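Undergrad: Residues per chain, in single letters:
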Amino acid sequence: MFANRFLAQRQLGTKRFRPSRRMFLAGTAAAGAGLTIGFAVPGANAQAPAAAAAVNPFGAHIRIGTDNTVTVLSAHMDMGQGAYFGIATLVAEELDAARSQLRVEGASGNLAAYGNVAWGGFAQGTGGSTAMASSWERYRRAGAICRAMLVSAAARAWNVPANEIAVKDGTLFHGPSGRGATFGAMADAAAAEPVPQTVSLKAPGQWTRIGNPAYRRLDSADKSTGKQQFTIDVRLPGMLIAVPVHAPVFGGKLKSFDAAAAKAVAGVVDVVTTSRGLAVLATNTWAARTGAEAIKAEWDQTGAETRSSDAILASYRARVDAAGEHVAASRGNADAALGRATRTLEATYEFPYLAHAALEPLNAVVRRQGDIVEIWGGHQIPDLYAGLAAQALGMSPANIRMHVMKTGGGFGRRAVTDGDVVVEAAEIAKAIGFRAPVKLQWTRETDMAGGRYRPAAVHKLRVGLDAAGNIAGWQHRIAAQSILIGTPFEGGLVKNGVDATSVEGAADTLYALPDLRVEITNMVSPVPVLWWRSVGHTHTAYVMETMIDEIAAATAKDPVALRRQLLAGHPRHLAAIDLAAARAGWGTPLPAGRFRGFAAHESFGTSVGMVAEISMGAGNAFKVERIVAGVACGTAINPDNVRAQVEGAVGFGLGAILREGVTLDGGRVVDTNYDGYRPLRIDEMPKVEVHIVASTAAPTGIGEPGVPPVGPAIANALAAATGKRVRLLPFEKGLST
Amino acid sequence: MKLNINGRERNLEADPEMPLLWALRDVLGLTGTKFGCGIAQCGACTVHIDGVPSRACQTPVGTLDGAKITTIEGIEDRVAKAVQAAWTKLDVPQCGYCQSGQIMSAVALLRDNAKPTDADIDAAMAGNLCRCATYQRIRAGIHEAAKSLA
Numbered sequence: 000m001f002a003n004r005f006l007a008q009r010q011l012g013t014k015r016f017r018p019s020r021r022m023f024l025a026g027t028a029a030a031g032a033g034l035t036i037g038f039a040v041p042g043a044n045a046q047a048p049a050a051a052a053a054v055n056p057f058g059a060h061i062r063i064g065t066d067n068t069v070t071v072l073s074a075h076m077d078m079g080q081g082a083y084f085g086i087a088t089l090v091a092e093e094l095d096a097a098r099s100q101l102r103v104e105g106a107s108g109n110l111a112a113y114g115n116v117a118w119g120g121f122a123q124g125t126g127g128s129t130a131m132a133s134s135w136e137r138y139r140r141a142g143a144i145c146r147a148m149l150v151s152a153a154a155r156a157w158n159v160p161a162n163e164i165a166v167k168d169g170t171l172f173h174g175p176s177g178r179g180a181t182f183g184a185m186a187d188a189a190a191a192e193p194v195p196q197t198v199s200l201k202a203p204g205q206w207t208r209i210g211n212p213a214y215r216r217l218d219s220a221d222k223s224t225g226k227q228q229f230t231i232d233v234r235l236p237g238m239l240i241a242v243p244v245h246a247p248v249f250g251g252k253l254k255s256f257d258a259a260a261a262k263a264v265a266g267v268v269d270v271v272t273t274s275r276g277l278a279v280l281a282t283n284t285w286a287a288r289t290g291a292e293a294i295k296a297e298w299d300q301t302g303a304e305t306r307s308s309d310a311i312l313a314s315y316r317a318r319v320d321a322a323g324e325h326v327a328a329s330r331g332n333a334d335a336a337l338g339r340a341t342r343t344l345e346a347t348y349e350f351p352y353l354a355h356a357a358l359e360p361l362n363a364v365v366r367r368q369g370d371i372v373e374i375w376g377g378h379q380i381p382d383l384y385a386g387l388a389a390q391a392l393g394m395s396p397a398n399i400r401m402h403v404m405k406t407g408g409g410f411g412r413r414a415v416t417d418g419d420v421v422v423e424a425a426e427i428a429k430a431i432g433f434r435a436p437v438k439l440q441w442t443r444e445t446d447m448a449g450g451r452y453r454p455a456a457v458h459k460l461r462v463g464l465d466a467a468g469n470i471a472g473w474q475h476r477i478a479a480q481s482i483l484i485g486t487p488f489e490g491g492l493v494k495n496g497v498d499a500t501s502v503e504g505a506a507d508t509l510y511a512l513p514d515l516r517v518e519i520t521n522m523v524s525p526v527p528v529l530w531w532r533s534v535g536h537t538h539t540a541y542v543m544e545t546m547i548d549e550i551a552a553a554t555a556k557d558p559v560a561l562r563r564q565l566l567a568g569h570p571r572h573l574a575a576i577d578l579a580a581a582r583a584g585w586g587t588p589l590p591a592g593r594f595r596g597f598a599a600h601e602s603f604g605t606s607v608g609m610v611a612e613i614s615m616g617a618g619n620a621f622k623v624e625r626i627v628a629g630v631a632c633g634t635a636i637n638p639d640n641v642r643a644q645v646e647g648a649v650g651f652g653l654g655a656i657l658r659e660g661v662t663l664d665g666g667r668v669v670d671t672n673y674d675g676y677r678p679l680r681i682d683e684m685p686k687v688e689v690h691i692v693a694s695t696a697a698p699t700g701i702g703e704p705g706v707p708p709v710g711p712a713i714a715n716a717l718a719a720a721t722g723k724r725v726r727l728l729p730f731e732k733g734l735s736t
Numbered sequence: 000m001k002l003n004i005n006g007r008e009r010n011l012e013a014d015p016e017m018p019l020l021w022a023l024r025d026v027l028g029l030t031g032t033k034f035g036c037g038i039a040q041c042g043a044c045t046v047h048i049d050g051v052p053s054r055a056c057q058t059p060v061g062t063l064d065g066a067k068i069t070t071i072e073g074i075e076d077r078v079a080k081a082v083q084a085a086w087t088k089l090d091v092p093q094c095g096y097c098q099s100g101q102i103m104s105a106v107a108l109l110r111d112n113a114k115p116t117d118a119d120i121d122a123a124m125a126g127n128l129c130r131c132a133t134y135q136r137i138r139a140g141i142h143e144a145a146k147s148l149a
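First to last, the protein sequences are chains F and Z. Counting in numbering that gives the first Met the number 0, the first sequence runs from 0 upward without gaps. Counting in numbering that gives the first Met the number 0, the second sequence runs from 0 upward without gaps.
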């Protein structure tokens with residue numbers, strides 16, 4: 000069953016991964032070819048991206064119903080970031096569809112139609128803030144092609160020239176004859192029209208939906224009335240709910256168990272083993288959960304992580320005192336420059352593991368009917384998961400149907416290299432012989448203790464300054480666990496021992512630092528780690544942007560002016576910086592007790608400048624009052640959604656720096672619910688203003704780039720107020736020591 | 000046992016210890032009320048019990064004899080309509096998973112306080128987590144609803 004292997008390539012962490020077709024053709028040889036990765040989906044059909052030309056968007060990307068609905072089939076899943084609406088906007092713009100007739104569904108299983116263009120088209124997936132970049136040409140073109148086919152069908156039906164037909168809001172008109180038809184009335188005829196090979200797209204001046212802040216999302220009403228369906232809401236006749244029991248430490252394996260008490264719980268119908276432990280199946284979630292809590296299990300902890308998070312981080316701290324294992328970036332001669340420096344700034348930073356803590360705990364639903372297995376879930380990489388589920392089930396991926404659901408948050412947690420909850424649900428369904436549909440529902444505790452955290456990291460920075468206050472040498476050591484080493488994807492995305500997701504934002508800094516060396520040491524632990532909204536930038540931006548601020552303070556320069564000086568040649572980045580500074584009134588006097596801090600960072604192709612304004616209370620107590628962001632993301636397809644994403648990113652980033660952190664004690668996760676692991680709540684949310692740099696360039700990411708500058712902007716404001724540099728995260732820990 | 004849900008008497012066959020959340024979702028098929036934590040920390044499961052916002056995940060059904068329960072599917076007075084209209088107008092939701100609970104808390108706030116300040120809103124809404132951090136728009140949505148009701 001492994002003979003027919005499908006090699007796909009992917010990236011999730013950064014825009015800089017550019018898989019090429021040559022690398023694809025090189026197959027597994029691509030492993031050594033750069034920042035690319037070949038992954039094998041067992042048994043999947045080989046399908047080259049070159050087949051893209053053969054895709055008919057009328058059907059593959061857009062379905063027009065005789066009921067006059069226009070259904071957009073989305074290549075990207077929506078975890079709240081608004082990808083569905085962005086893609087629908089692109090289609091509606093070129094198709095001239097009415098907003099009221101638009102629907103969006105998740106699609107999968109057709110690489111030529113849905114492969115992520117920004118990843119080179121070699122895999123379908125959502126991640127790295129690429130949904131709009133990937134969809135920009137594809138879905139506008141799809142809209143234009145379908146529009147042309149509708150016009151052509153109308154011209155044929157009415158026996159009039161196509162160029163006399165106008166299209167407006169889902170209706171076709173022929174002025175001279177007074178004839179008209181809805182898209183729905185012309186849908187069947189249009190589907191039979193030849194697919195035009197060339198179409199022209201509207202010029203920016205013709206857009207009425209793209210870039211229009213009054214053109215609003217499609218799903219707000221359903222999400223305000225309880226009607227929006229998530230995976231947790233899937234209900235099928237006879238369905239059983241499975242709640243899992245996992246090892247209490249990472250790397251633990253099931254040794255023995257006693258399920259008698261669990262089976263005695265009313266409603267519990269079965270207890271099965273999985274590759275990760277056990278699952279209790281019941282007729283309702285409460286019974287399954289009660290049963291899971293009644294399981295008595297013994298776990299083999301050989302090779303498991305049994306250290307505390309403090310001990311893990313202490314080992315990282317010790318490691319950065321010595322030279323790093325691998326050099327991630329080297330320019331000029333950092334050591335020589337540091338040797339000539341008249342002053343040296345030295346600082347060590349510590350970052351904890353962070354949990355995604357999305358509100359919908361992980362889940363998946365599996366049903367077999369005849370030869371077909373259907374899987375509902377937040378499938379961020381659907382074809383990969385279908386292949387992995389097929390492998391677990393010993394069947395062909397051709398018989399798997401994936402239902403891509405909207406999810407209650409995500410932040411990276413549902414993009415996994417091993418199928419995770421999807422494979423676990425498939426194992427459980429198989430274990431009961433598919434006698435009922437199964438919904439695997441993790442509890443909050445399973446979710447929080449389930450690992451796949453933002454890697455913990457320690458950075459050590461040595462920066463030299465010459466007599467004139469210029470930077471003379473930049474030595475940057477990072478100790479962090481790699482997201483990709485140890486996964487099946489290590490071969491492709493890790494080059495010379497450097498996992499780009501560990502060093503992005505530092506090794507590729509935009510600052511003019513002629514003598515720079517960035518070193519990485521890959522720390523090892525059974526604690527699974529994963530991309531967490533903005534990935535490596537979550538820690539590198541904090542280090543870079545607080546150090547730039549520290550240098551400005553040490554050399555009596557204005558922090559914005561220093562950045563401008565070091566960023567000549569990056570006009571787009573400077574535009575974001577200037578917009579944020581101008582709108583925040585940078586440099587103007589503040590009321591007593593108020594302080595500002597500045598940070599700016601580019602990630603996923605988007606630059607965000609940010610000014611934080613804080614008010615000081617007693618001691619170190621402070622409140623973030625206001626955040627002003629300047630955003631350069633190319634064309635803002637949905638400007639209000641760009642604002643929403645950055646507003647949310649501010650709350651997400653602020654919660655993390657204030658008090659988030661996964662603590663391990665004897666290898667066990669201490670805080671497994673929201674009482675101990677505390678994301679931001681409304682009473683700490685600052686006022687956020689988001690300003691967008693006007694542009695008609697191709698769109699770049701917006702789901703993630705708002706996160707990296709939040710922490711350093713606030714840390715810099717706190718330094719302006721108190722002189723204190725917080726280098727031990729979260730602040731709750733760093734300010735108390 | 001019988002439960003009064005959204006103005007209707009519903010027969011329920013369930014363990015009296017079963018939290019209302021799971022009775023609503025798994026037994027009665029009312030899935031608008033969401034599971035987030037199970038320990039009354041996130042507010043995703045907020046419903047009204049005799050008009051008071053309550054966490055369904057910590058309310059055993061056996062304690063609800065004679066109580067009037069309202070879920071997101073059943074709120075329909077003018078305050079609720081105003082809140083839902085404001086949420087839609089301002090595009091408050093991102094993922095939307097917590098928003099049923101947010102709206103149930105917001106409606107209860109506005110019934111008690113027709114013109115809440117930001118501080119009132121923060122106090123009333125601090126029990127409802129939003130991991131997408133749509134808090135700024137939640138505040139704006141409540142002000143917008145208050146304005147439309149004035």
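Simulated from the structure, these hints should not be mistaken for laboratory data. As the structure is a computational prediction, the values presented were derived from the model and not from experiment. Treat the hints with care, as some may be off.
[Unchecked claim] One-sided excerpt, in silico: chain Z residues whose CB lies under 8 Å from chain F:
| # | residue |
| --- | --- |
| 1 | D76 |
| 2 | V78 |
| 3 | W86 |
| 4 | C97 |
| 5 | N112 |
| 6 | A113 |
| 7 | Y134 |
We put the beta carbon where it would ideally sit given N, CA and C, even for glycine.
Undergrad: For every hint, state whether the structure bears it out.
TA: Verification of the supplied hints:
1. D76: 14 Å, violated
2. V78: Violated - the Cβ of V78 (chain Z) stays beyond 8 Å from chain F, reaching only about 14 Å at its closest.
3. W86: OK, holds: W86 (chain Z) within 8 Å of chain F, min 4 Å.
4. C97: OK, holds: C97 (chain Z) within 8 Å of chain F, min 5 Å.
5. N112: 16 Å, violated
6. A113: Constraint on A113 (chain Z) not satisfied, violated at 20 Å.
7. Y134: 4 Å, holds
Consistency with the previously given hints fails for numbers 1, 2, 5 and 6, ordered from lowest to highest.
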